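Undergrad: With these hints in hand, go ahead and build the complete structure from the sequences.
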Amino acid sequence: MTIASLTWALTDGSNGAWLSPHTIGLLCLSGFSFLAFWIAESRSTHPIIPLHLLKNKTFAILTIVQTFVFFTSGGLFFILSIFLQNVRGYSAVTTGMCFLPMYGAIIVAAFASGWGAARLGWRFPIISGLVIASIASLSLTRISVNTEYGEILWYLMLSGFGGGLTVPPLASGAMNSVLPIQEGIASAISSISIQFGGILGIAIQGTILSQRLDSLLRQSLSEWKLPSVLQDKIAAEPLQYLTQNIPDIPATISTLALQQEIKSGFVSGLHTTLFVACFALLIGIVLMLVFLPSKLKHYK
1 MTIASLTWAL TDGSNGAWLS PHTIGLLCLS GFSFLAFWIA ESRSTHPIIP LHLLKNKTFA
61 ILTIVQTFVF FTSGGLFFIL SIFLQNVRGY SAVTTGMCFL PMYGAIIVAA FASGWGAARL
121 GWRFPIISGL VIASIASLSL TRISVNTEYG EILWYLMLSG FGGGLTVPPL ASGAMNSVLP
181 IQEGIASAIS SISIQFGGIL GIAIQGTILS QRLDSLLRQS LSEWKLPSVL QDKIAAEPLQ
241 YLTQNIPDIP ATISTLALQQ EIKSGFVSGL HTTLFVACFA LLIGIVLMLV FLPSKLKHYK
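So the sequence shown is numbered by my numbering: it starts at 1 and just counts up by one.
Hints may be right or wrong, so weigh each one.
As the list claims (entries may be wrong) - Listed next, with one range per pair, are the computed distances between beta-carbon atoms: (1) Leu-51 with Ala-92: 41 to 47 Å; (2) Cys-28 with Asp-232: 26 to 32 Å; (3) Glu-223 with Lys-55: 25 to 31 Å; (4) Arg-142 with Val-286: 52 to 58 Å; (5) Phe-279 with Gly-104: 33 to 39 Å; (6) Thr-45 with Ile-135: 45 to 51 Å.
Said to hold, decoys possible - Straight-line alpha carbon distances no greater than 25 Å define the calculated SDA-like cross-link-like pairs of lysine to any residue that follow: (7) Lys-57 with Ser-191; (8) Lys-57 with Pro-168; (9) Lys-225 with Gly-198.
To be clear, the hints were calculated from the coordinates, so they are not data collected in a lab.
Quick caveat: nothing in here was measured; it's all calculated off a predicted structure.
Where a beta carbon is used, it is the ideal one built from N, C-alpha and C, also for glycine.
TA: Here it is in structure tokens:
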């Protein structure tokens with residue numbers, strides 16, 4: 001309930017309804033349900049998630065970093081898919097195929113991460129992967145409205161390679177940092193962190209992009225002195241007007257010009273989300289360097 005209500009609230013908020021009773025109620029529900037769960041688990045003799053497990057610094061940090069990684073990747077897949085389909089005009093099938101090289105890089109890096117961990121220490125592939133993924137995120141901010149897929153292919157593969165280096169040792173380190181009897185619970189928490197990171201990535205980065213697009217688009221629509229009713233109509237679902245006619249638009253305003261403004265606003269929002277994603281990865285790097293030892297204590 002905590003994650004579901006939080007996701008719903010973030011989704012509603014992305015439509016400019018942050019102060020609506022519905023959104024505020026969902027945020028309160030998320031907070032209260034989390035508090036209730038925490039109290040119940042702390043008092044239970046057989047808790048679903050033993051809270052003392054979270055006192056294991058290594059396990060807790062690795063779980064947080066894993067959440068950040070999937071926060072970045074979840075938002076990246078979601079937003080770039082929209083860019084390729086709505087801004088560049090690719091079909092859904094073609095868009096899916098565009099990500100295949102990225103998955104290939106993930107597979108190659110996953111094999112390489114084991115080799116690196118065995119020879120250079122378990123932190124090396126994690127931190128290296130986070131650095132590579134951060135560079136890839138920053139590089140993708142070069143995307144413009146007219147950017148072709150071939151121009152971002154190598155950045156996508158670089159991002160996938162960074163993720164492939166990071167995820168396997170993260171999972172392995174988390175499992176090796178707990179007692180054998182705790183492995184099942186630790187695995188469940190790790191899976192939750194993956195799902196939670198992906199959900200937050202889509203919800204938060206999608207919200208940021210939507211707000212940025214709405215702000216820039218409304219600014220242009222106001223400068224064109226369009227009626228407020230028409231402004232609200234266009235701003236409510238701007239991406240649909242990239243593929244269909246815009247009703248009631250004055251003859252003095254070109255449809256192509258308006259569509260260009262929508263695309264430019266989307267790309268600007270995309271850049272903002274990429275900076276947010278990069279910042280999340282940088283936090284992960286700091287956590288790894290500051291709080292975790294170079295040698296992992298094994299319980300096996």
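Undergrad: Does each hint fit the structure? Answer for all of them.
TA: Going down the list of hints, with the structure as the test:
no. : hint                             : in the structure
1   : Leu-51 with Ala-92: 41 to 47 Å   : holds (43 Å)
2   : Cys-28 with Asp-232: 26 to 32 Å  : holds (28 Å)
3   : Glu-223 with Lys-55: 25 to 31 Å  : violated (56 Å)
4   : Arg-142 with Val-286: 52 to 58 Å : violated (25 Å)
5   : Phe-279 with Gly-104: 33 to 39 Å : violated (27 Å)
6   : Thr-45 with Ile-135: 45 to 51 Å  : holds (48 Å)
7   : Lys-57 with Ser-191              : holds (18 Å)
8   : Lys-57 with Pro-168              : holds (19 Å)
9   : Lys-225 with Gly-198             : violated (40 Å)
Checked against the numbered hints given earlier, this structure breaks hints 3, 4, 5 and 9; the rest are met.
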